[in-house]
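Asker: If you want the building blocks of each chain, they are given just below.
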Amino acid sequence: MSWEVIGIWLGALLSLCLYSFLYKDNPFYKFAEHLFVGMSAGYWVIYAIMNVLVPNWWQKLVPLEGGFQPIWLVPGVLSLFMLFRLIPKLAGLSRLSLALIVGTGAGISITAMLQTRALAQVNGTIIALGQGGGWFDWVSNIIMVTGVVCGLVYFFFSKSHTGVFGGAANVGITLLMVAFGASFGYTVMARISLLIGQTQFLLFEWLPTMGIHL
Amino acid sequence: MATFIEKLGNLDRRVIFVLMALAVIIPLALRMNLPIPIDKGPSKNLFDAIDALPEGSRVLISFDYDPSTMPELQPMAVALSQHLMTRDIRIVSLALWPMGVSLGNEALSAVGDSLGKEEYVDWVNLGYKIGGGVLIVRMGSDIQSVFPTDYGGNPVDEMPVMQGVNKLGDLDMIISLSAGDPGIETWIMMAGDRYNIAVGGGCTAVSAPQLYPYLSTGQLIGLLGGLKGAGDYETMVRIGVENPPPGIAIAGMAAQSVAHLVIMLFIIIGNIAYLSEKKRKGGAK
Amino acid sequence: MRLVIPLMITFVAGMIMILQFFVPATQPMGDNLQEWYMIVSSAAIFLGAANLITVHVHKIRFKARNWKYSPITLIGFAVMIITGLVFGIEADLPFDYLFQQMVAPMAATMFSLLAFFVASAAFRAFRASNWRASLLLVSAFVVMLGRVPIGSMIWNKIPIISEWIMQYPNMAGQRAVMIGAAMGMIATSLRMIFGIERSYLGGAD
Chain B
978 MSWEVIGIWL
988 GALLSLCLYS
998 FLYKDNPFYK
1008 FAEHLFVGMS
1018 AGYWVIYAIM
1028 NVLVPNWWQK
1038 LVPLEGGFQP
1048 IWLVPGVLSL
1058 FMLFRLIPKL
1068 AGLSRLSLAL
1078 IVGTGAGISI
1088 TAMLQTRALA
1098 QVNGTIIALG
1108 QGGGWFDWVS
1118 NIIMVTGVVC
1128 GLVYFFFSKS
1138 HTGVFGGAAN
1148 VGITLLMVAF
1158 GASFGYTVMA
1168 RISLLIGQTQ
1178 FLLFEWLPTM
1188 GIHL
Chain F
171 MATFIEKLGN
181 LDRRVIFVLM
191 ALAVIIPLAL
201 RMNLPIPIDK
211 GPSKNLFDAI
221 DALPEGSRVL
231 ISFDYDPSTM
241 PELQPMAVAL
251 SQHLMTRDIR
261 IVSLALWPMG
271 VSLGNEALSA
281 VGDSLGKEEY
291 VDWVNLGYKI
301 GGGVLIVRMG
311 SDIQSVFPTD
321 YGGNPVDEMP
331 VMQGVNKLGD
341 LDMIISLSAG
351 DPGIETWIMM
361 AGDRYNIAVG
371 GGCTAVSAPQ
381 LYPYLSTGQL
391 IGLLGGLKGA
401 GDYETMVRIG
411 VENPPPGIAI
421 AGMAAQSVAH
431 LVIMLFIIIG
441 NIAYLSEKKR
451 KGGAK
Chain E
5 MRLVIPLMIT
15 FVAGMIMILQ
25 FFVPATQPMG
35 DNLQEWYMIV
45 SSAAIFLGAA
55 NLITVHVHKI
65 RFKARNWKYS
75 PITLIGFAVM
85 IITGLVFGIE
95 ADLPFDYLFQ
105 QMVAPMAATM
115 FSLLAFFVAS
125 AAFRAFRASN
135 WRASLLLVSA
145 FVVMLGRVPI
155 GSMIWNKIPI
165 ISEWIMQYPN
175 MAGQRAVMIG
185 AAMGMIATSL
195 RMIFGIERSY
205 LGGAD
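Chains as they are written, first to last, in the working numbering: chain B, 978 to 1191; chain F, 171 to 455; chain E, 5 to 209.
There could be a bad hint or two in this list.
[What the hints assert, rightly or not] Incomplete in silico selection of chain E near chain B, CB under 8 angstroms:
hint, residue
1, 21
2, 77
3, 81
4, 84
5, 102
6, 104
7, 105
8, 110
9, 144
10, 173
11, 177
12, 182
13, 200
14, 203
15, 204
Read the hints as simulated data drawn from the structure, not as lab findings. Beta carbons: idealized from backbone N, C-alpha and C, even for Gly.
Working from the sequences, and respecting the hints, build out all of it.
Answerer: Here's what the structure looks like:
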């Protein structure tokens, strides 16, 4: 038996263990679930070491061509502080590491959010009004622009949804329902695709190892 | 007294599970194939954009997913690699999700071997880095400071495929195969809009509706949404190719069709049962 | 007082990132910070792993509920670490083999279970209880049919209607959510940088 066939059997048996949950929770499912969690965590740690810490920290702290770069001790120490969260007496030091992560992340996302999600989208909405095409495109664009404006009104909770404002919020929620319907349709599609993928594996890779060719 | 249809509404969940399984297994086992019509749309736009790239261009593929969404995104990775490699476009790949490294490698090496393409010359997998948007911004000024080596620890500056690729701006296009965050949106924000590079991609069906606003503004040049997008791309890549390799997504679309019909049937039966019960209870009052 | 230094770090790091966007001269300062960010963030993975080990060792020690499965998690974790460190992570080596043959099918199966639950939920909970819910249902049906080949076989206009829903009403809704969420995130980020929002540091003092 080749390693490839052993691998297919391992994958198939573990998949069947997990599918057994559909009948009810059972020891086979729990076994595979716990194994999955452990192996996934191991994979993440190895990649963090081999793909991040070694090339991006260690080899910069102690370059292969020789020398020592003390500046790289700073992120090393901050990483260590992060792990101090596990030691209650020293947990406070992890705030320094968190501060660096949060500050950098927040700073970078302010400009990105403003540029990509706010300004570009507002721009795209306004431009749509002036776009050419036939009457159908024009009506469609009006629906889109109305939807964006009324959708934003619906999410504005600082003013009560009454009168004209309430009417606009009603239009907004109506269009949002259509959008949520589309999202639901796509979600169903996604979940079924995942099942199709695993069924293809079991039917066309696992069954042939037992001489069953569909 | 509850009617038959109301009793049907209280069907045991296991019966639903069995019907769902059959809806997927039967079309696959019978190898049902339904034609996939290709109209203009986000999938075709991505295909056309890649088709318009000159030979020798450099494209970055970011494998931003893990095995939980593999059935949707892996066929895209294979079809995109086939398209790029047959057009002699160099592929620089990386992953913002750790498990994307192995999945990307699987797709690139399989397609590369079948087309006689060489690792480090025609394609490379730089590996995984944590940091999402922050590392993308850093790559905007210097890729090698983020990726001094590939995923296996080989120095990047000695690789022929990386010659002339020092920063994101040296790339002709970025394609993100994305299962969430970090993913396509991160690439649009941190690379597309910030450094003015064309960004395209593929995503799970769950996240496709959220990305439509980027398509209309041109921030996203094209999009493959879920298995349908993968099926579209496989179909387009196979046009004019003699004895094309079997399409994984195309084979799944018939099962997808039947399963959708079954779910719609479930919803209709559930609603008839609900309305029947509502009417009966209303009448009883 | 104990929050002063972390708040200063947040402020300086945040301002450097904002400045780097507008003032090219500040680029080198930001470059270093971005590389440090990557390294410090990776510590979160080790923190998660250490937490996982602690939880399971604790469960075994005190014979907590389902403790008998905890050694499986620990063994799985150890096997990946050992194969990764001993053989390396490149393709066709034991680490990659274990990933491709065990982790990948398990992850894919775990999430494919959702197909069954979405079917069950659709059957039990997706009710046209009012006209807006009916609208949601109609939109979902059109999109579900329009995205599969059988839709165009039933009526060749279904994919076109489905694409129209995606490009106009769907996009309007998504865009409204996107702009609203962006505003919220910008405000939250500013509050963090200026030290008004401190919950991430675990206290308000």
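Asker: Does each hint fit the structure? Answer for all of them.
Answerer: Hint by hint, here is what the structure shows:
no., hint, result
1, 21, "holds (3 angstroms)"
2, 77, "holds (4 angstroms)"
3, 81, "holds (4 angstroms)"
4, 84, "holds (3 angstroms)"
5, 102, "holds (7 angstroms)"
6, 104, "holds (7 angstroms)"
7, 105, "holds (3 angstroms)"
8, 110, "holds (4 angstroms)"
9, 144, "holds (4 angstroms)"
10, 173, "holds (4 angstroms)"
11, 177, "holds (3 angstroms)"
12, 182, "holds (5 angstroms)"
13, 200, "violated (12 angstroms)"
14, 203, "violated (10 angstroms)"
15, 204, "holds (5 angstroms)"
Of the numbered hints given earlier, the model fails hints 13, 14; all others are met.
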